[in-house]
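Residue numbers (the working numbering), protein chains in the order written: chain A, 1 to 458; chain B, 1 to 458.
Certain hints may be false.
Where chains are identical, the list cannot tell them apart; a pair therefore holds if satisfied intra-copy or between any two copies.
To be verified - Here are the simulated lysine-lysine pairs, DSSO-like style, with alpha carbons at most 30 Å apart: (1) Lys-127 / Lys-2; (2) Lys-401 / Lys-128; (3) Lys-254 / Lys-7; (4) Lys-128 / Lys-93; (5) Lys-7 / Lys-127; (6) Lys-183 / Lys-93; (7) Lys-204 / Lys-446; (8) Lys-7 / Lys-258; (9) Lys-7 / Lys-18; (10) Lys-17 / Lys-7; (11) Lys-254 / Lys-2; (12) Lys-127 / Lys-17; (13) Lys-128 / Lys-3; (14) Lys-3 / Lys-254; (15) Lys-18 / Lys-283; (16) Lys-17 / Lys-254; (17) Lys-408 / Lys-3; (18) Lys-288 / Lys-29; (19) Lys-128 / Lys-307; (20) Lys-374 / Lys-128; (21) Lys-254 / Lys-18; (22) Lys-127 / Lys-374.
Calculated directly from the structure, the hints in this document are not laboratory data.
Number of protein chains: 2
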Amino acid sequence: MKKIPTKIYLEERELPKKWYNLRADMKSKPEPMLHPGTLNPCTLEDILPVFCTELAKQELNDTDRFVEIPEELRAMYSMFRPSPLIRAYGLEKALGTPAHIYYKFEGNNTSGSHKLNSAMAQAYYAKKEGLTSLTTETGAGQWGTALSMACAHCGIDLSVYMVKVSSEQKPYRKAVMETYGAKVIASPSNTTNTGRAILEGDPKTGGSLGCAISEAIEVAVTTENCRYVLGSVMNHVLLHQSVIGLEAQAAFEKIGVKPDIIVGCTGGGSNLGGLIAPFMGEKLRGKKDYRFVAVEPASCPSLTRGKYLYDFGDTACTTPLIRMYTLGSKFIPSANHAGGLRYHGMSPVISKLFHDGHIEAIAETQTDVFESAKLFAKAEGILPAPESSHAIKGAINEALKCKEKGEKKVILFGLSGTGYFDMQAYMAFNSGTLSDTIPTDAEIAKWIDTIPKIPQNA
Amino acid sequence: MKKIPTKIYLEERELPKKWYNLRADMKSKPEPMLHPGTLNPCTLEDILPVFCTELAKQELNDTDRFVEIPEELRAMYSMFRPSPLIRAYGLEKALGTPAHIYYKFEGNNTSGSHKLNSAMAQAYYAKKEGLTSLTTETGAGQWGTALSMACAHCGIDLSVYMVKVSSEQKPYRKAVMETYGAKVIASPSNTTNTGRAILEGDPKTGGSLGCAISEAIEVAVTTENCRYVLGSVMNHVLLHQSVIGLEAQAAFEKIGVKPDIIVGCTGGGSNLGGLIAPFMGEKLRGKKDYRFVAVEPASCPSLTRGKYLYDFGDTACTTPLIRMYTLGSKFIPSANHAGGLRYHGMSPVISKLFHDGHIEAIAETQTDVFESAKLFAKAEGILPAPESSHAIKGAINEALKCKEKGEKKVILFGLSGTGYFDMQAYMAFNSGTLSDTIPTDAEIAKWIDTIPKIPQNA
Chain A
1 MKKIPTKIYL
11 EERELPKKWY
21 NLRADMKSKP
31 EPMLHPGTLN
41 PCTLEDILPV
51 FCTELAKQEL
61 NDTDRFVEIP
71 EELRAMYSMF
81 RPSPLIRAYG
91 LEKALGTPAH
101 IYYKFEGNNT
111 SGSHKLNSAM
121 AQAYYAKKEG
131 LTSLTTETGA
141 GQWGTALSMA
151 CAHCGIDLSV
161 YMVKVSSEQK
171 PYRKAVMETY
181 GAKVIASPSN
191 TTNTGRAILE
201 GDPKTGGSLG
211 CAISEAIEVA
221 VTTENCRYVL
231 GSVMNHVLLH
241 QSVIGLEAQA
251 AFEKIGVKPD
261 IIVGCTGGGS
271 NLGGLIAPFM
281 GEKLRGKKDY
291 RFVAVEPASC
301 PSLTRGKYLY
311 DFGDTACTTP
321 LIRMYTLGSK
331 FIPSANHAGG
341 LRYHGMSPVI
351 SKLFHDGHIE
361 AIAETQTDVF
371 ESAKLFAKAE
381 GILPAPESSH
391 AIKGAINEAL
401 KCKEKGEKKV
411 ILFGLSGTGY
421 FDMQAYMAFN
431 SGTLSDTIPT
441 DAEIAKWIDT
451 IPKIPQNA
Chain B
1 MKKIPTKIYL
11 EERELPKKWY
21 NLRADMKSKP
31 EPMLHPGTLN
41 PCTLEDILPV
51 FCTELAKQEL
61 NDTDRFVEIP
71 EELRAMYSMF
81 RPSPLIRAYG
91 LEKALGTPAH
101 IYYKFEGNNT
111 SGSHKLNSAM
121 AQAYYAKKEG
131 LTSLTTETGA
141 GQWGTALSMA
151 CAHCGIDLSV
161 YMVKVSSEQK
171 PYRKAVMETY
181 GAKVIASPSN
191 TTNTGRAILE
201 GDPKTGGSLG
211 CAISEAIEVA
221 VTTENCRYVL
231 GSVMNHVLLH
241 QSVIGLEAQA
251 AFEKIGVKPD
261 IIVGCTGGGS
271 NLGGLIAPFM
281 GEKLRGKKDY
291 RFVAVEPASC
301 PSLTRGKYLY
311 DFGDTACTTP
321 LIRMYTLGSK
331 FIPSANHAGG
341 LRYHGMSPVI
351 SKLFHDGHIE
361 AIAETQTDVF
371 ESAKLFAKAE
381 GILPAPESSH
391 AIKGAINEAL
401 KCKEKGEKKV
411 ILFGLSGTGY
421 FDMQAYMAFN
431 SGTLSDTIPT
441 DAEIAKWIDT
451 IPKIPQNA
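All chains should be built: construct the whole structure from the sequences, respecting the hints.
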């Protein structure tokens, strides 16, 4: 039998020409966003003041199975795509498992993660629609970096509201964004009413993602030719991220292999959603059965311990209401180095699929996750992001089950990014000072109690 | 005409099976290393106490045109190779040049540079020969990181002597090495006689590369089953790095293109030497003419302002004498963020080729280099290492000459690595605090005066 190469690359001409819109194949659709004032489903007109037109349309489109990727955007994708599908020979050997492990690696670009797939698309549409500037928020920094690169490439101004504590802890992330020409503002700031109000109440606050979102939205809606963009949770973001799964599917076809189990990490759900999309489509259409496993941090367990309710997307309660697995929008996760997974909610698509039993979910502690990360780094030569390392841990769990049972399953996981800007976390792990804080049931109940008591939540 | 894809990847089975030994095709060979005591050419026996046997043999082999890459090592290479040859469509557009620009990108691995090509080879041979530990020095950290990854993969212990000032300025580089299990010691240290002597004389010294080399050698020769390895300058390192040029050559063949001008950055010469090797071979054999351009920092201009003399490789004058372009082994370059290019000497192979007129050389200031780096980052989406950015600057110079003359030349340059661990330098550049210090003629003359006055230097 011919040996499967370590890396399976598609040709550039094999880059997907269309995104795959999983919602079109979901008989049981995700619930619609609700206008927080009227509690009616959001219309295009409701969301146009905040979002670019094309993105707003994509957000509400749950009928077209495929959405064309414009030719010009495909050329931009070709700067960093196709990304490789990698056979984890080194990891398999280190684990002594009969399982075949593959990972789709999205970290080979300067943003260091899959976020660039949606950032490029969003900057492209903004430019096309004649916008001159964008605003966004960033926590861990991956999204802000990706959008900075995309805006620099398209020639659009960008203001990034970066959670203050994060901008202080990660000066190098800030420096990358600034090198790409973005204006990075520590949030809360005195550039917005929201920021000023928060600073007045607590001048020493380290900020929060919720506050940064509110500031970015305020600037977008009060600035001419400006819109707000975001990098996860939303349907249009998952649509863009479907390139991950489509490429993985095409690469597997090249080598005549089908995965049995697909594992991804989940914060807002964009990486998992993009990775599983076409495979989930096959499952929903009855073509092939797969097991899907979502791995989340034990410190922020929205799928495993949250509730499937309508809730706000931000702490300040300014967004539409979204039906999703949530810990309550006031939830403050304990310190966890996987900043990209510290979100109280979850993509409505992933939430619905989980609610309907199509996805399994597990929660892992960060010390276990870093143990897996280190094993992976040595065996595979890539230092993974703390976020992505949750997927590694999930894949290792499955590979060890295969070893126990002597099963030769094919496991695919999403390696969403690299950890080069997360060395502080690795230093803590190496020195043994990394610890785990898991919320108690009483704490979770208290946060969930802050979710709005609207009729739909009954 | 078919559009040339942005990235040209070889198949894994097209990975070079043999390294190309350029010295075999040099009618006028590099001068031999001399034993500093006898001033006779070094024999195998002279260097075996310091180097692994196979590496020592490769060091002295200037007759075999090809050296086989062991099958097991090729499998290790396949973790991060083949590396892409990239058509710089974005940069061409940004410059408005008719030139076609390509770059061979070596940064898509966790070490972030081409150094892993030789690190994997050296760790592989060390393991094969039954060694249990290695020592090395690192300045900027790329080499130390690459060797840490290679040793972790092969299961060999590693001690890295890291220039103290660098280990303090780059804690994250140190953290990556430690994550891969290496022992990182700030040099000078109290673990060696050399280190203790230096610390006694100057307890507050920030250390130097020369001192770190001396400490690493001392430990290697006094520890059982241990050898010293290094990542540039030496002939065997350039041999390993020939995979860069061989892959570039094969990729160009795929698309039916031949470069006219080949540009690389030079510190010790390993990247440039590897990139140009097979092309220079064609030139020396009269098959095709190319222009080769070496770009060095104006603050450490060994080719452009040094002398072609026998000199020591380290400050402590413990190595064999090497005939090379040198500024004197006591030369202390002014602060420059391209740490990997701050070396007083130059590979003997590159030195000889330059001396014989086969290579041109230019020196660039770091502010100009960072300007090019930023332009490149925006146009191509990759944040380059300060070292590699010298090659970018050199390629831009040539592309702008083409624009002026309306010439459609094909330019190839080596993008040896990424700048993710160099954000301090970018921050200085972004804030306008980066400055240039170029040594005066009198200063250079003073350093050159420290070169040993042996008969061969007459």
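Now the hints, each set against the structure:
For the homomeric pair Lys-127 and Lys-2, the shortest alpha-carbon distance between copies (29 Å) is at most 30 Å, but the shortest distance inside one copy (47 Å) is not. When the C-alpha separation of Lys-401 and Lys-128 is checked against a cutoff of 30 Å, the pair qualifies neither within a copy, at 50 Å, nor between copies, at 34 Å. In this homomeric assembly, Lys-254 and Lys-7 come within 30 Å of each other (Cα to Cα) both inside a single copy, at 12 Å, and across copies, at 19 Å. In this homomeric assembly, Lys-128 and Lys-93 come within 30 Å of each other (Cα to Cα) only across copies, at 19 Å, whereas the closest approach inside a single copy is 49 Å.
Proximity of Lys-7 and Lys-127 under a CA criterion of 30 Å is satisfied inter-copy only: 25 Å between copies versus 35 Å inside one chain copy. In this assembly of identical chains, the alpha carbons of Lys-183 and Lys-93 lie at most 30 Å apart only when taken from different copies (25 Å versus 46 Å within one copy). In this homomeric assembly, Lys-204 and Lys-446 come within 30 Å of each other (Cα to Cα) only inside a single copy, at 25 Å, whereas the closest approach across copies is 55 Å. Taking identical chains as interchangeable, the C-alpha atoms of Lys-7 and Lys-258 lie at most 30 Å apart whether they share a chain (16 Å) or sit on different chains (27 Å).
Taking CA atoms no more than 30 Å apart as the test, Lys-7 paired with Lys-18 passes in both settings, with 24 Å inside one copy and 21 Å between copies. In this assembly of identical chains, the alpha carbons of Lys-17 and Lys-7 lie at most 30 Å apart whether taken from the same copy (22 Å) or from different copies (18 Å). Taking the shortest Cα distances, Lys-254 and Lys-2 sit within 30 Å of each other both inside one copy (13 Å) and across copies (23 Å). For the homomeric pair Lys-127 and Lys-17, the shortest alpha-carbon distance inside one copy (20 Å) is at most 30 Å, but the shortest distance between copies (47 Å) is not.
With identical chains, the CA atoms of Lys-128 and Lys-3 are at most 30 Å apart between copies only, with a shortest distance of 25 Å across copies and 45 Å within one. Taking identical chains as interchangeable, the C-alpha atoms of Lys-3 and Lys-254 lie at most 30 Å apart whether they share a chain (13 Å) or sit on different chains (23 Å). When the C-alpha separation of Lys-18 and Lys-283 is checked against a cutoff of 30 Å, the pair qualifies only within one copy, where the shortest distance is 20 Å, while the shortest distance between copies is 46 Å. For the identical chains of this complex, Lys-17 and Lys-254 are neighbours both inside a copy (18 Å) and across copies (25 Å), given an alpha-carbon limit of 30 Å.
In this assembly of identical chains, the alpha carbons of Lys-408 and Lys-3 lie at most 30 Å apart only when taken from the same copy (16 Å versus 42 Å across copies). Only within a single protomer do Lys-288 and Lys-29 lie at most 30 Å apart by alpha-carbon distance; the minimum there is 20 Å, versus 64 Å between protomers. In this homomeric assembly, Lys-128 and Lys-307 never come within 30 Å of each other (Cα to Cα): the closest approach is 39 Å inside a single copy and 56 Å across copies. In this homomeric assembly, Lys-374 and Lys-128 come within 30 Å of each other (Cα to Cα) only across copies, at 25 Å, whereas the closest approach inside a single copy is 43 Å.
In this assembly of identical chains, the alpha carbons of Lys-254 and Lys-18 lie at most 30 Å apart whether taken from the same copy (19 Å) or from different copies (28 Å). Proximity of Lys-127 and Lys-374 under a CA criterion of 30 Å is satisfied inter-copy only: 22 Å between copies versus 41 Å inside one chain copy.
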